Amino acid sequence: MSPRPVRPVAVVSFAQSKSMRREEHRNDVEMLQPVVADVFDKVGLTKDDMGFVCSGSCDYLVGAPFSFVGALDAVGAWPPMRESHVEMDGAWALYEAWIQLQEGDIDTALVYCFGRSSMSELGRVLTLQLDPYYVAPLWPDPVALAALQAQALIDAGTYREADFAAVAARSRRDAKNNPNAQVTGDHSAEELLGDDYVVAPLRRHALPPITDGAAAIILAAGDRAASLCEKPAWITGMDHRIETHSLGARDLTFSSSTRTAGEAAGISDGGRTSVDVAELHAPFAHQELILRDALGLADGVRINPSGGALAANGIMVAGLVRIGEAASRIMDGSAATALAHATSGPCLQQNLVCALAAEPAADGRA
Amino acid sequence: MSQDPVTVLATPIRIDYEFTAGLAQSRYLKGIAEGRFLGQRCPKCGKVYVPPRGSCPTDGVPTTDEVVLGNTGIVTTYCVVNVPFQGQSIEIPYICAQILLDGANIAFMGLIQEIPTDEIRMGMRVEAVWVDKKDLGPTMASVKYFRPSGEPDAAYETFSEYL
Chain A
25 MSPRPVRPVA
35 VVSFAQSKSM
45 RREEHRNDVE
55 MLQPVVADVF
65 DKVGLTKDDM
75 GFVCSGSCDY
85 LVGAPFSFVG
95 ALDAVGAWPP
105 MRESHVEMDG
115 AWALYEAWIQ
125 LQEGDIDTAL
135 VYCFGRSSMS
145 ELGRVLTLQL
155 DPYYVAPLWP
165 DPVALAALQA
175 QALIDAGTYR
185 EADFAAVAAR
195 SRRDAKNNPN
205 AQVTGDHSAE
215 ELLGDDYVVA
225 PLRRHALPPI
235 TDGAAAIILA
245 AGDRAASLCE
255 KPAWITGMDH
265 RIETHSLGAR
275 DLTFSSSTRT
285 AGEAAGISDG
295 GRTSVDVAEL
305 HAPFAHQELI
315 LRDALGLADG
325 VRINPSGGAL
335 AANGIMVAGL
345 VRIGEAASRI
355 MDGSAATALA
365 HATSGPCLQQ
375 NLVCALAAEP
385 AADGRA
Chain C
520 MSQDPVTVLA
530 TPIRIDYEFT
540 AGLAQSRYLK
550 GIAEGRFLGQ
560 RCPKCGKVYV
570 PPRGSCPTDG
580 VPTTDEVVLG
590 NTGIVTTYCV
600 VNVPFQGQSI
610 EIPYICAQIL
620 LDGANIAFMG
630 LIQEIPTDEI
640 RMGMRVEAVW
650 VDKKDLGPTM
660 ASVKYFRPSG
670 EPDAAYETFS
680 EYL
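As given, the protein sequences belong to chains A and C, one line each in that order. End of the first sequence sits at 390 in this note's numbering; the numbers just go up one at a time, nothing left out. End of the second sequence sits at 682 in this note's numbering; the numbers just go up one at a time, nothing left out.
Honestly, the hints are just simulated from the structure, not real lab data. Accuracy of the hints is not assured; some may be wrong.
To be verified - Covered stretches of chain A, going by a simulated chain C footprint (3 or more residues, C-beta under 8 angstroms):
id, segment
1, 40 to 50
2, 98 to 107
3, 141 to 150
4, 155 to 166
Since we're looking at a predicted model, the values are computed, not measured. Ideal Cβ placement from N, Cα and C applies to all residues, glycine included.
Next up, chain A with everything else stripped away, as it sits in the complex (with noise of 0.2 angstroms):
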């Protein structure tokens, strides 16, 4: 099990650019800028304010070494600041923050990514995290192996075509009430398997969306969230695991990394987890299948109401938006408890699972 959260940790500030296919005109910087800019003013701070800065970005998006460095242009580094980044979804970056603010001596971080996916041919781009002597010359690219995925959990009799288009069905009509979203509409599961085969049996609608976009988180512990922010979402666990990187060698029906982080996040419960709201980062429909019978989430859990990743999945963002999202949702008053996952790497390799809540847990923990 992960050593437990000593100090309280809320989220308490969200913001993010609207998801869309292109950005035609900013750079990354521009992008960044005025996310950043948002997440300060809804809680009246400045980067001054911030102990710590972390962020999740991938140089390979824009082709660009250290654009990550070029990003911190949009929050302004002087004077010095005590600054991180990940090579990873942003929602490792919060990950970094988190562990940084039980560390005692900071207060308030300052967590962002950023991902502009037009500008490279993302499939190849995101072929390269594969095993680069035996695997990746192949150039199978993301949509090819999550088909194989879904193909098993099709082959192993548990869920059919139809349950995935009901899946992208429901996204989309909850996406609708997502003004940043980008892929929404009013389709019956029946209507979408009308789709033509992209790489069967994943047909249009179980892929998700190129996306272009940027997110910021502000984190703060103790009185000063509460200070902060009406309703903070308290952080009550939180871990990441990662499965071997030997694709044949996983059970790819089933996300033991997920089921082992929602455990060790102090969530779920000898498979079982329950709660209001799940924001689960599914980039393909078949994966929030196995998301959902990894967690055991519980009947009555809404799942992404922010229509996920099937409605937008910025790379190197989604994660960080599902964090956002579910926070949301407690800040709101809508939800008491909310879990929150983010992925990373093919087939869900990687997973994070985040617990949060309307109260600090009892034990002083949260």
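Position chain C relative to chain A; hints supplied.
The following block gives chain C in isolation, referenced to the frame of chain A:
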């Protein structure tokens, strides 16, 4: 089968990008295509950045105020390149310098020509030499190089902040 170990494995990788310069840098590059340097001023600290990136790296606020900079500037520091390398297009030895354009608050890198390498010095005044008007385009290749302007050297105090 030979027992010799496999020591080389070729796995060619190629990714194409469609670059978007951004709003501020597009303005800058369009200025270059007109044969002039455009900077942007931070509304908070007043500093002028060139090339502008759209946000003040000190304050983190958009730099919306555009400033036309001079064609001349100061060599704040420099190095003389004596090392040949693959793809080198300039005859060695040559001078690579940090140049503070008049009106700017940040130096940028430029090539210095039309001067023996042992005569370059900090504080030297230089001017940009552009390609022929018909060849100007939104690329840094529009600036051929900088050369001494013939003006007296700048006092150290006028550029020491930018070192």
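Tell me, in ascending order, the numbers of any earlier hints that this structure violates. none
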